[in-house]
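> Chain by chain, the residues run as shown.
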Amino acid sequence: ETGVTQTPRHLVMGMTNKKSLKCEQHLGHNAMYWYKQSAKKPLELMFVYSLEERVENNSVPSRFSPECPNSSHLFLHLHTLQPEDSALYLCASSQEVTGQLYGYTFGSGTRLTVV
Amino acid sequence: AQSVTQLDSQVPVFEEAPVELRCNYSSSVSVYLFWYVQYPNQGLQLLLKYLSGSTLVESINGFEAEFNKSQTSFHLRKPSVHISDTAEYFCAVSGSGGYQKVTFGTGTKLQVIP
Chain A
9 ETGVTQTPRH
19 LVMGMTNKKS
29 LKCEQHLGHN
39 AMYWYKQSAK
49 KPLELMFVYS
59 LEERVENNSV
69 PSRFSPECPN
79 SSHLFLHLHT
89 LQPEDSALYL
99 CASSQEVTGQ
109 LYGYTFGSGT
119 RLTVV
Chain B
178 AQSVTQLDSQ
188 VPVFEEAPVE
198 LRCNYSSSVS
208 VYLFWYVQYP
218 NQGLQLLLKY
228 LSGSTLVESI
238 NGFEAEFNKS
248 QTSFHLRKPS
258 VHISDTAEYF
268 CAVSGSGGYQ
278 KVTFGTGTKL
288 QVIP
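As you go down the protein sequences, you meet chains A and B in turn. When you read off a place in the first sequence, starting at 1, and then add 8, the result is the number in this note's numbering. When you read off a place in the second sequence, starting at 1, and then add 177, the result is the number in this note's numbering.
Treat the hints loosely; a few may be bogus.
As the list claims (entries may be wrong) - Taking CB as the label site, the calculated pair distances span:
#1 T232/B with T121/A: 39 to 49 Å
#2 Q288/B with S73/A: 30 to 40 Å
#3 P291/B with T15/A: 32 to 42 Å
#4 S231/B with H81/A: 22 to 32 Å
#5 Q187/B with S73/A: 13 to 23 Å
#6 L223/B with A47/A: 33 to 43 Å
To be verified - With a straight-line cut-off of 30 Å between C-alpha atoms, the simulated DSSO-like cross-links for lysine-lysine are:
#7 K286/B with K26/A
#8 K48/A with K226/B
#9 K278/B with K27/A
#10 K278/B with K48/A
#11 K49/A with K286/B
#12 K26/A with K246/B
#13 K246/B with K30/A
#14 K48/A with K286/B
#15 K27/A with K246/B
These are calculated hints, taken from the structure and not from any lab test. All C-beta atoms in this analysis are idealised placements derived from N, C-alpha and C, irrespective of residue type, glycine included.
From just these sequences and the hints, can you work out the full model?
What follows is the structure, encoded as structure tokens:
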């Protein structure tokens, strides 16, 4: 399988649940990103990992917890979410943290609904 | 700080007609500019980019964008659209050099009408 794969594609969870989003890239990239896409808002950068180390955390609430065990996998652990956290969560990867030169490769996203 | 403005949230256009999707940016430093496309139920894909050199850049599927520094714009154009161009288009900007955050606009939905 090639590209960036995100699972699950859809997730419905209650506010007291704990769940995880998974992202896997098969491109040999060494930087990975989590973005939040809400209707009528710009994409919000949440976390950036370069060589498995977090290099940016954009003031994201602690109910979102990222994990990057290796350069091919990225997780987003969710707990005690709020309804306003419902959105499309996109994972992306790039050749390196200066990936703006080459563009990002995005996954298809996980559509999260918090009830 | 940098920002991107896409004033049009939706643009309907008839098939085979020309289209222009507008993008304006603000930045205090030199920039790189991008257009991404998102088809239904998919992630974003890089359509084209401006890094330096010629201010007119083209994609493989007939889109082009022109960097206009004086007007701080990077509008996307296509002379004749197809049904398959129906998608959401995002303009993005980053600073040049070193690690620079990429800032995306709110997107423009292009609806091609048969």
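> Decide, hint by hint, whether the structure agrees.
Right, here's what the structure says about each hint:
1. T232/B with T121/A: 39 to 49 Å: holds, 43 Å
2. Q288/B with S73/A: 30 to 40 Å: Distance hint for Q288/B, S73/A holds at roughly 38 Å.
3. P291/B with T15/A: 32 to 42 Å: holds, 35 Å
4. S231/B with H81/A: 22 to 32 Å: Violated - the Cβ-Cβ distance for S231/B and H81/A, about 39 Å, lies outside 22 to 32 Å.
5. Q187/B with S73/A: 13 to 23 Å: violated, 36 Å
6. L223/B with A47/A: 33 to 43 Å: violated, 22 Å
7. K286/B with K26/A: violated, 34 Å
8. K48/A with K226/B: holds, 23 Å
9. K278/B with K27/A: holds, 28 Å
10. K278/B with K48/A: Holds, because 20 Å separates the two Cα atoms, which is no more than 30 Å.
11. K49/A with K286/B: Roughly 13 Å between the alpha carbons, so the hint for K49/A and K286/B holds.
12. K26/A with K246/B: violated, 47 Å
13. K246/B with K30/A: Not satisfied, since the Cα-Cα distance of roughly 40 Å exceeds 30 Å.
14. K48/A with K286/B: holds, 11 Å
15. K27/A with K246/B: violated, 45 Å
The structure fails hints 4, 5, 6, 7, 12, 13, 15 (numbered hints given earlier, in ascending order).
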